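Each chain, letter by letter, is given below.
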Amino acid sequence: ELKVEQNPLFLSMQEGKNYTIYCNYSTTSDRLYWYRQDPGKSLESLFVLLSNGAVKQEGRLMASLDTKARLSTLHITAAVHDLSATYFCAVAHAGGTSYGKLTFGQGTILTVHP
Amino acid sequence: SAVISQKPSRDICQRGTSLTIQCQVDSQVTMMFWYRQQPGQSLTLIATANQGSEATYESGFVIDKFPISRPNLTFSTLTVSNMSPEDSSIYLCSAVGNHLGAPNRQFFGPGTRLTVL
Numbered sequence: 001e002l003k004v005e006q007n008p009l010f011l012s013m014q015e016g017k018n019y020t021i022y023c024n025y026s027t028t029s030d031r032l033y034w035y036r037q038d039p040g041k042s043l044e045s046l047f048v049l050l051s052n053g054a055v056k057q058e059g060r061l062m063a064s065l066d067t068k069a070r071l072s073t074l075h076i077t078a079a080v081h082d083l084s085a086t087y088f089c090a091v092a093h094a095g096g097t098s099y100g101k102l103t104f105g106q107g108t109i110l111t112v113h114p
Numbered sequence: 001s002a003v004i005s006q007k008p009s010r011d012i013c014q015r016g017t018s019l020t021i022q023c024q025v026d027s028q029v030t031m032m033f034w035y036r037q038q039p040g041q042s043l044t045l046i047a048t049a050n051q052g053s054e055a056t057y058e059s060g061f062v063i064d065k066f067p068i069s070r071p072n073l074t075f076s077t078l079t080v081s082n083m084s085p086e087d088s089s090i091y092l093c094s095a096v097g098n099h100l101g102a103p104n105r106q107f108f109g110p111g112t113r114l115t116v117l
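Here the protein sequences line up with chains A and B, keeping their order.
Under my numbering, the first residue of the first sequence carries the number 1, and numbering increases by one thereafter.
Under my numbering, the first residue of the second sequence carries the number 1, and numbering increases by one thereafter.
Simulated from the structure, these hints should not be mistaken for lab results.
Among these hints, one or two may not hold up.
Derived pair list, reagent style DSSO-like, types lysine-lysine, alpha-carbon separation capped at 30 Å [claimed, not checked]:
{"id": "1", "chain 1": "A", "residue 1": "LYS3", "chain 2": "B", "residue 2": "LYS65"}
{"id": "2", "chain 1": "A", "residue 1": "LYS56", "chain 2": "B", "residue 2": "LYS7"}
{"id": "3", "chain 1": "A", "residue 1": "LYS17", "chain 2": "A", "residue 2": "LYS56"}
{"id": "4", "chain 1": "B", "residue 1": "LYS65", "chain 2": "B", "residue 2": "LYS7"}
{"id": "5", "chain 1": "A", "residue 1": "LYS41", "chain 2": "B", "residue 2": "LYS65"}
Chain B side only, calculated, beta carbon under 7 Å to chain A, not exhaustive [said to hold, decoys possible]:
{"id": "6", "residue": "SER42"}
{"id": "7", "residue": "LEU43"}
{"id": "8", "residue": "LEU45"}
{"id": "9", "residue": "ASN104"}
{"id": "10", "residue": "ARG105"}
All values reported here derive from a predicted model rather than from experimental measurement.
Every residue, glycine too, gets a C-beta built ideally from N, C-alpha and C.
Please model the entire structure based on the sequences and the hints provided.
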């Protein structure tokens, strides 16, 4: 059974600081997603990581994937208030009849303070 | 990116009643899914909506409680049957497929916020 663990679950940051959210998963997968969710809103797709060593960057967010360690990271650089949201990682089940199914991490609630 | 719409966006229902949620994608997709997000929680997969055949349910979810239809490649419905307050959640439709103009991306609809009294 695929399990996905995120940490930390709560993250309070000062503006301008850097921090990393970690996502560990238990079984082999070929895709890992990062999503953002604002209060009362749906999920916004941030990144999809497909291969070992993949690194994607968008603005102050950078995601990476280490398939051997079954670990993905979401690094936040010089945080700003607008980044306050809940961040989820989601791991795709291996192919066949499970194609497209996602198991989500618990989510990390990020709050950026002035 | 794909546009996924859901109706209704929210509803307040009495226990014992049923609600059908509609999901429409603006392009043909390979796979459609239904997820539930209970208050303050992460997302849990309910089922895979299979086009032209019965949905495939995850452990803990059954067809009698959550009947699903997918009559074509762009539309699906989820019914929450015989509702109880424990069914109060956000229900989200999701789609994936190369038709979405972004291979390997998986998109989510805006969600239906259900409150059961």
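The hints, checked one at a time:
no., hint, result
1, A:LYS3 <-> B:LYS65, "holds (25 Å)"
2, A:LYS56 <-> B:LYS7, "violated (34 Å)"
3, A:LYS17 <-> A:LYS56, "holds (20 Å)"
4, B:LYS65 <-> B:LYS7, "holds (19 Å)"
5, A:LYS41 <-> B:LYS65, "holds (26 Å)"
6, SER42, "holds (5 Å)"
7, LEU43, "holds (5 Å)"
8, LEU45, "holds (6 Å)"
9, ASN104, "holds (5 Å)"
10, ARG105, "holds (6 Å)"
Checked against the numbered hints listed earlier, the structure breaks hint 2 alone; every other hint is satisfied.
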